[in-house]
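There are 6 protein chains.
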Amino acid sequence: MKESYVRDLKPGSSVTTTFLIRTKERKTARNGSAYLDLELQDSTGTIKAKLWDCDSFDPAFEVDDVVRVSAGVEVYQGTPQLSLRKIAKCREQEIALSDYLPHGSQDPDVLFESLLKRIKEMPPGPLQALLLKVFEDPEIVRKYKLAPAAMSYHHAYIGGLIEHVSSLVQLGDGICDHYPFLDRELILTSLLLHDLGKIEELNFSRAFTYSTRGQLVGHISMGIEMVRDKMRLVPDFPSELWDRLEHVILSHHGKLEFGSPKEPMFMEALAVNYLDDLDSKIEAMRQQYEADKDRPGNWTARNRALGRELLKPPSEPVSHAAPAKSSSSKV
Amino acid sequence: MKESYVRDLKPGSSVTTTFLIRTKERKTARNGSAYLDLELQDSTGTIKAKLWDCDSFDPAFEVDDVVRVSAGVEVYQGTPQLSLRKIAKCREQEIALSDYLPHGSQDPDVLFESLLKRIKEMPPGPLQALLLKVFEDPEIVRKYKLAPAAMSYHHAYIGGLIEHVSSLVQLGDGICDHYPFLDRELILTSLLLHDLGKIEELNFSRAFTYSTRGQLVGHISMGIEMVRDKMRLVPDFPSELWDRLEHVILSHHGKLEFGSPKEPMFMEALAVNYLDDLDSKIEAMRQQYEADKDRPGNWTARNRALGRELLKPPSEPVSHAAPAKSSSSKV
Amino acid sequence: MKESYVRDLKPGSSVTTTFLIRTKERKTARNGSAYLDLELQDSTGTIKAKLWDCDSFDPAFEVDDVVRVSAGVEVYQGTPQLSLRKIAKCREQEIALSDYLPHGSQDPDVLFESLLKRIKEMPPGPLQALLLKVFEDPEIVRKYKLAPAAMSYHHAYIGGLIEHVSSLVQLGDGICDHYPFLDRELILTSLLLHDLGKIEELNFSRAFTYSTRGQLVGHISMGIEMVRDKMRLVPDFPSELWDRLEHVILSHHGKLEFGSPKEPMFMEALAVNYLDDLDSKIEAMRQQYEADKDRPGNWTARNRALGRELLKPPSEPVSHAAPAKSSSSKV
Amino acid sequence: MKESYVRDLKPGSSVTTTFLIRTKERKTARNGSAYLDLELQDSTGTIKAKLWDCDSFDPAFEVDDVVRVSAGVEVYQGTPQLSLRKIAKCREQEIALSDYLPHGSQDPDVLFESLLKRIKEMPPGPLQALLLKVFEDPEIVRKYKLAPAAMSYHHAYIGGLIEHVSSLVQLGDGICDHYPFLDRELILTSLLLHDLGKIEELNFSRAFTYSTRGQLVGHISMGIEMVRDKMRLVPDFPSELWDRLEHVILSHHGKLEFGSPKEPMFMEALAVNYLDDLDSKIEAMRQQYEADKDRPGNWTARNRALGRELLKPPSEPVSHAAPAKSSSSKV
Amino acid sequence: MKESYVRDLKPGSSVTTTFLIRTKERKTARNGSAYLDLELQDSTGTIKAKLWDCDSFDPAFEVDDVVRVSAGVEVYQGTPQLSLRKIAKCREQEIALSDYLPHGSQDPDVLFESLLKRIKEMPPGPLQALLLKVFEDPEIVRKYKLAPAAMSYHHAYIGGLIEHVSSLVQLGDGICDHYPFLDRELILTSLLLHDLGKIEELNFSRAFTYSTRGQLVGHISMGIEMVRDKMRLVPDFPSELWDRLEHVILSHHGKLEFGSPKEPMFMEALAVNYLDDLDSKIEAMRQQYEADKDRPGNWTARNRALGRELLKPPSEPVSHAAPAKSSSSKV
Amino acid sequence: MKESYVRDLKPGSSVTTTFLIRTKERKTARNGSAYLDLELQDSTGTIKAKLWDCDSFDPAFEVDDVVRVSAGVEVYQGTPQLSLRKIAKCREQEIALSDYLPHGSQDPDVLFESLLKRIKEMPPGPLQALLLKVFEDPEIVRKYKLAPAAMSYHHAYIGGLIEHVSSLVQLGDGICDHYPFLDRELILTSLLLHDLGKIEELNFSRAFTYSTRGQLVGHISMGIEMVRDKMRLVPDFPSELWDRLEHVILSHHGKLEFGSPKEPMFMEALAVNYLDDLDSKIEAMRQQYEADKDRPGNWTARNRALGRELLKPPSEPVSHAAPAKSSSSKV
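Chains as they are written, first to last, in this note's numbering: chain A, 100 to 430; chain B, 100 to 430; chain C, 100 to 430; chain D, 100 to 430; chain E, 100 to 430; chain F, 100 to 430.
These aren't lab readings, by the way, just hints derived from the structure by calculation.
Among the hints, a few may not be true.
Copies of the same chain look alike in the list, so a pair counts if it fits in one copy or across any two.
Here are the simulated DSSO-like pairs of lysine-lysine, each with C-alpha atoms no more than 30 Å apart in a straight line [unchecked claim]:
id: 1; residue 1: K244; residue 2: K216
id: 2; residue 1: K188; residue 2: K126
id: 3; residue 1: K123; residue 2: K411
id: 4; residue 1: K411; residue 2: K242
id: 5; residue 1: K354; residue 2: K185
id: 6; residue 1: K126; residue 2: K109
Chain A on its own, in the form it takes in the complex (with noise of 0.2 Å):
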């Protein structure tokens, strides 16, 4: 088990833990010696450490290595970061992937039977059976389940993408409870499906990095390949849904410049591009809040998703709050 995380690490203190290496670079230093300088990862943050003199060790490990470490804690230009005594790389059967990604609060595993339960429960027709034909296949589910939603704007992290999806069944649901003319069964589908492509999209065994082939082609045309692959597979599936559905997942950005190829043309097309943006801001806006909540001030850095900076939330709801002592500008 995995002794000490990033975030706990103090100043003049000395520790010896595992870390997943994220950049690796051999540099020279002024006296004319090598020296590596590394990025270092556990599921708690990232951390920069040099290890002087490499070319005495035998720096057997590459970049999403675990390698086992001994080191002092030390502080550069205000940052901490680590002078490396020893290193080594750890043997594969040590690892606990989980201790060196970013994850989040939910379990994935719990997630992903919600979804499966609501899939079912949905009315048997062309769209269930797709559904299933793609949360049925394992290699689907496995990658689904630890896929993040985005390299960095919001739920960056393993599991990331089904919470996303798990929040916007829930809105969805609520959506088509308040306009009754909605089609259920198209929204929950198109939610479930839209950025099926982000699994493919990115790397996220390790560090996570958009793959060669995320970047060329992008994750909605890829999840678009991926469901109609599944299409395919249900006998019969009508030709306007199957055009619906497309339409859905392919205008789900909502306007040419943010990469979609066209932009929503009906209620449920809209709607899914409403929600899917709204979960996102949301989601950033809180990872930013709690990413500054020792920020000095009522106002978070700059949120780059926004482009501005955000207010703090009060530390209670401000419509509880008491009453200001003077609010004589205001009279």
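Once you have looked at the hints, place chains B, C, D, E and F on chain A.
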């Protein structure tokens, strides 16, 4: 009681009934004689009308008057219009204005009672107190029940504003059930007040137009003023809550280029922006479908709010549609 | 054989010939009688037509039928139109569709043979194998020879797609001769396949329209599907080549706002984007010049594709023009 | 009295003087000991400072305090900074705040008297009455004389707002002399009040920051509220004038994307927008020239307000410059 | 002398007078006979005209000729038009062109003398020398007095350019009085020369049109050429001043997207851009007010230059308006 | 002859050789002593250098001088830099400037001869005459052979302009072979002259910078002037051809926002715009590939000209690549 409605006029028939004068212009015919070119309106639509040789009449009516006419129903360039034989102004006491203005399908009084009930269920505090100040002001209540939500884009009929807000309050409760960290009272208050300025921005006692103040200042800034005046009546309204509520109202259009001078800077502001936008667009789509329900083909005309043609809903929900006979092009 | 063409109709004359029905609408005249308002089409253009008192006829024809008419050629608001005396549907076996649809100046069969020859000259390998899978599929070939390249912007006629592609293949060979580091086979394959989805996006067996699937999904995504289906039939199609080819097709519009979900990320994708855009715009200009060749003055009407008026070419190339009599304002 | 100023510190020398604390952060050095990383400020600029081994001190001061320091002036990465030997908080009564805040070259009291004189020369009427309500309110006057006109873009110093407005009032009188159909009183009133909200949007008693209300609501909306409150105190303020004045203030940024919820809809609104923008940009340029007057070459650094580098003025006006020795490249 | 003007024609009357032929098109009537569809122009406006059965006439006139007509004044679709009985070309010597072209209210000769006087008051030096080279060139002077400032946006009448420049020179002197660090001679010279290219960009001897060279090259680049030719005639024109003056002219539209290939990079360029833009927009507003002075209501039609409707000025300046009877909604 | 080049310096070694001074700044070290911070350049790249305790030297050299140095090669933050022991200015006669400036792989003299040969093959006429006026002007020819095509975006090396133009002339001949209706002489002339202003816009005798005139006026407007001067020397240059040629040069950036004051209005202008843009981007990509050829992974760094990362070419053309071992995810 009004005898006939625009929607039911048959080409070739004669009609005697009442209309509201929407526009009136005196023109000269090719033969040099004067005629009146009119647009008439009732709750079901508008129709053009001509009064030939009008100088022999005493056309003692103006725009926004209600008149009684006898006329033949003709067709000009494919569109029905009236050739007037008689026209005279009605006495005010004969007029039920609801016969002449478009209105929605729900009873504004019922909707209002329901909103008031929801307000009274809120926990006591400054926001509930503010809402009661607003919704117990009889002049506001009278206009709030009548106002359309927009000139033409969505809910453009008597009672449209309160229909839109009633829908939003339900959506707001749903979204707060889903994201428990949202401040429910702030969201509900914002939804109830975000378009309050509309009751002064638009003239809607007869034909809908912008008031001069509405066009110069706009409903956001006018609404902020009305809300400020009521907040001042609530003793010790908390200063931070005051600023947050103003921000949600100011930013509810979401982007500077849509006329909000600030963009949403915390979760509640973001949620209000998305719900308002979604409900407006869903309703704009619904109206387009209704307007084009007799138009041949699968597509509506170009919807001005969305800037594109819409695919009509299938006659039965597509997800239950019978399988297409041949889906060979897909497999 | 068709007796007369739209282009040759003379006001004041009578005509008996055949046309395709492009639009048909029943309207009511001022006198209450019904008439048909039609738009007729042949390979040289379109003309409006009226069938007065149509209820005494049995108008047993619909849009997209071919009819035989007897009519007088009149002028209405400066534009010729037909006043129909007789109209009857033709039997299908009498119809040569090419008489009724606009077509280009080159023979699609000849162009196709030439493309096939070029494909067969390519070095053997997965791309040639893929192209043969596509261009030996008889259903694809049939449509590929007929399809227009666009609804109206450029090459908007039967055979327009294959004319456009034939031009591009020659340009592609030229550009690869010039930049020897480009991958010629990838560029040629991409040019041949980039608009493959057009054969399903557009309906062109009679009047040109978007198919519902075409409008919902678009030719890029539809073409990708068709290419994927054929790539799967090529044994061991290399994975990286697969991704690159998809990327070139996806990105051939060059920018997100033009409907490409990815922008060109390597040289071959960039080159295909530029050649396609250049050839389309040159052809759009050529058509504008032809349409406005009788328009007085040096300038065409506003070209929709380019958003501006065009300077017409000089009657003889300007670079050989005789010197201006007085160029005093220049010296 | 303050002994030395930031502008005059010489690397290699020692200094004992007072500064305002602008930022303060506790950090850990490589050797594990704690130090304070500070930014110090006076009316001539800012300088970084380090207090090493700070735990042996009692650093009983906070941001916005004034401190007395003894320090050595060093250079770090080409920039001077202080290495502190002693630091202690000053007593409030010793402090002349004007020593620590940047201020302009003109005396705000003199400028204010001049504005008041101009107001009193206006013809009596509701606008003059309104201006007197505003400029005889001592709390407003106190802040109006101190406020900067912007955080950093232009006139970013104590007294900057009143300098900007004084310049505008003169420009406004000039423009009304030139275009006699403009409403002079409306223009002058608008110029005097257009940025009134700035006195609450910004905190400027110590370091300049946005207030939370300023960031959430903005100076335009805050200023409108302050003006409305004063208009209500003027008996029978004409309704149309009220709306016009609000419109000029709301629209003075000229475009929605610059934060004005309305764009100028009559001449006076347009003129106020142009004069405000011109005076701000001229001053932004003037500051850039001053900041870069020792920078080698003809060009300034990139100006953030204009988004480009500026050509410096010639040492003597170019129109009187001696002729170039050789202008051969021009002839 | 011209007997009647477009502005004064009364429906139902007869008229015999002269007009300029603006457009002329031969069409065929429903009955097969030919007619001429004309647009006629004089200094007060334009009117449509029809010459029926034109083949029995000898219509020996062309666009830009002046003709004498006898006609009846009719109304077609609410707009007056002429039904011609006689039409014949006038002899050139009978024509005072000023009767047929719109012109402003000020005398171009007087304005020119005033500009020349201002130039002569400038301190001697290269800029004054340049201006004298330009404004003592008789061919330039002749056109400079006649040219409109724009095709339609503002000052679109004979003498419009010199009115616009005269206004700008006064504004320029004012701005230099206000900002004493500006280079007055550079600003005045730039204002006098910034639109010099307009005298060749537009044809204005008869109806206003763009010249082919004007449309291909544009007045900025054409004006630069004319200024360069004159600068070369000034001995030893200083090189830096040469570049600055070119820059001010090139950048006077302020932004790339408005056709300036460079954006203002020093104060004088910025000031010229703002003054030119302000004077053009004020004049565009003034023309709109005049055009819509009989339009009912407070608002003009949409102004094309500003892209919005304008609030008309009050009949008396609002700042002196009587108080509104009830301003209860404000308090 | 230069002994060593930047590209070949080894950390830890010593070096004695010559460099061009690119930047030079005097700074103060932490210990109070002065040092020089330099950037040195030769034809293979640039390197930072420090001269410690510089006051004991007599640093009698300036930016753009060539110096001889003795130095140790160190590494600072992962990048090599020089610690200078000796530095002295070289005498001008010892310097071969081509050792210090980046240059392309082709010989400008050879390229120029080839262009001249192509010009002489053109049919005689005003365009050939113009080209000979330009390319027989020795001052133009000297600079034309040296100029880079851009500061940094593409062909940013000595001889870059003539390489770019040589490529374009070949492309131009190809496009005219393909589209026979294009005016070949106009296209070739435009390609040869479109960037003529670059030879004055940029300073390139030492380090590349914009000239002040270049930054104020720009190469398009400067080039137009040079072309006009030469056109005036061709007797009876046809007026329409003059305007067309100016238009092609003015519009060759294609869009207003890229600095062209006019957008292409006929085919030849469009073709020149596309060829220029394509050749620039292809070369920008080629340079990026070369710069990043040792960078690990499939992707380059972000290319500034295109605003995105580029996929590197495969080591062998992908269309001939061996099949992927497993393409299971595709089938």
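A quick look at each hint next to the structure:
1. K244 x K216: Result: close within a single copy only, 15 Å intra versus 44 Å inter.
2. K188 x K126: within (20 Å within a copy, 33 Å between copies)
3. K123 x K411: Between copies only: 22 Å across chains, 36 Å inside a chain, cut-off 30 Å.
4. K411 x K242: Cα proximity of K411 and K242: across copies only (28 Å, versus 35 Å in one copy).
5. K354 x K185: neither (52 Å within a copy, 50 Å between copies)
6. K126 x K109: both (27 Å within a copy, 13 Å between copies)
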